[in-house]
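J.: Next come the chains, spelled out residue by residue.
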Amino acid sequence: MNNRLRELRAEREWSQADLAERLAVSRQTINAIETGKYDPSLPLAFAIAKLFGLSIESIFSPDE
Amino acid sequence: MWKDYWFAGATRSYWVLSTTLMLAYVLAMLLDVHLDSGASTLFRVLAALLPAVLIIGFVLLEFRRVRNTDELRQRMELEAGMLTLAVAVPVLTALGLLDDAGLLEVPLLISVPVLMGIYLTAQAWAHRRYR
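Chain order of the listed sequences is A and B. With this note's numbering, the residue at position 27 of the first sequence is 27, and numbering never jumps. With this note's numbering, the residue at position 18 of the second sequence is 18, and numbering never jumps.
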C-alpha cells in the first residue's frame, strides 16, 4: 500500500516523533508506515485521516 | 533508549513485579539445587514446581506489557513469538531425540535458556525488520 504520510507530515513541519505523539503510537510505527514496511490497522488509518482532515483514500492507496 | 527498544509498554508496576519474580525465581532455583535429599517428598515436589509457577507469572506479566504497546510492537511480538515457536520446537525436539538415542547428554533444564535465547534473537530480528 502506498501512502502520503511523509508528504503530509512535512507540510506541517512535524517530525516523526511529533506525529507519533499525536497518534499515540511509537516513532518506529510512523517510520514503518512511511517506508511502506507496515500497513496500519483501520482504526489507526482513521486516526491519521482525522488528524490531517482528509479521507483515508486520499492518504492511502493500494499498490498498482 | 534500550528500555524503549526491548521493554516497550513497561510500566512502573511491570518493573517492580518482574524484578520481584526474577529474584524469587533465582531463590527458587537455588533452593532446588541445594535442597536436602532428606526433605519430605511433598516439600521437594513443591520446591520443584515453584520455578514453573514463577515463570507462568512472568509470562502473564509479559502478556500484559505487550498489550500496552502500540499495534506495530504487537505485530513484532507476534512475529517474534511465531518465529520462536518455529525454531524452538524442532531444536528442542532434536535435542530431546539425540538425548533419547544416547548420542548427546542434554539436561532438560537447558530448554528454558535455549528458548529465551531464541526468543531474544527473534525479537531482535523483528525489530530490525521494521526499523
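No lab work stands behind these hints, which were simulated from the structure alone. All figures in this text were calculated on a predicted structure; none of them were measured in a lab. A couple of the hints might just be wrong.
What the hints assert, rightly or not - Reference excerpt, derived from the structure (chain A facing chain B, CB under 8 angstroms, subset only):
id	residue
1	15
2	25
3	38
4	44
5	55
As the list claims (entries may be wrong) - Here are some, though not all, of the chain A residues that point toward chain B, as calculated from beta-carbon distances under 7 angstroms:
id	residue
6	29
7	32
8	37
9	41
What the hints assert, rightly or not - Non-contacting residues of chain B with respect to chain A, defined by C-beta distances greater than 10 angstroms in every case (computed):
id	residue
10	8
11	28
12	48
13	49
14	61
15	117
16	118
Beta carbons are placed, not taken as given, at the ideal position from N, Cα and C, and that holds for glycine.
J.: For every hint, state whether the structure bears it out.
T.: Hint check results:
1. A distance limit of 8 angstroms between C-beta atoms decides the matter here; for residue 15/A the minimum to chain B is near 16 angstroms, and the interface restraint is violated.
2. For residue 25/A, the interface hint holds, the least distance from its beta-carbon to any beta-carbon of chain B being 4 angstroms, beneath 8 angstroms.
3. Hint on residue 38/A holds. Least Cβ distance to chain B is approximately 6 angstroms, under the 8 angstroms limit.
4. With a least beta-carbon distance of about 6 angstroms to chain B, the hint placing residue 44/A at the interface is held under the 8 angstroms criterion.
5. Annotation: residue 55/A was flagged as interfacial toward chain B, and the flag is violated, the nearest CB pair being 21 angstroms apart, outside 8 angstroms.
6. The criterion of a C-beta within 7 angstroms of any C-beta in chain B is met by residue 29/A, whose closest approach is roughly 4 angstroms, and the hint holds.
7. Here the hint on residue 32/A is kept, as its CB sits about 5 angstroms from the closest CB of chain B, short of 7 angstroms.
8. At about 5 angstroms, the closest approach between the beta carbon of residue 37/A and any beta carbon in chain B falls short of 7 angstroms, and the interface hint on this residue holds.
9. With a cut of 7 angstroms, the hint placing residue 41/A at the interface with chain B holds, because the nearest CB-to-CB distance is about 5 angstroms.
10. Not every beta carbon of chain A lies more than 10 angstroms from that of residue 8/B, the smallest distance being close to 7 angstroms; the non-interface claim is violated.
11. The non-interface label for residue 28/B is consistent with chain A: the shortest C-beta to C-beta separation is roughly 35 angstroms, beyond 10 angstroms.
12. Every C-beta of chain A lies more than 10 angstroms from that of residue 48/B, the closest at about 41 angstroms, which supports listing it as non-interface.
13. Listed as outside the interface, residue 49/B is consistent with that label: its C-beta sits roughly 38 angstroms from the nearest C-beta of chain A, beyond the 10 angstroms cut-off.
14. Every C-beta of chain A lies more than 10 angstroms from that of residue 61/B, the closest at about 20 angstroms, which supports listing it as non-interface.
15. Interface exclusion of residue 117/B from chain A stands, the closest Cβ pair being 24 angstroms apart, more than 10 angstroms.
16. Residue placement check: residue 118/B keeps its beta carbon more than 10 angstroms from all beta carbons of chain A (closest about 23 angstroms).
Of the hints listed earlier, those the structure fails to meet are numbers 1, 5 and 10, in rising order.
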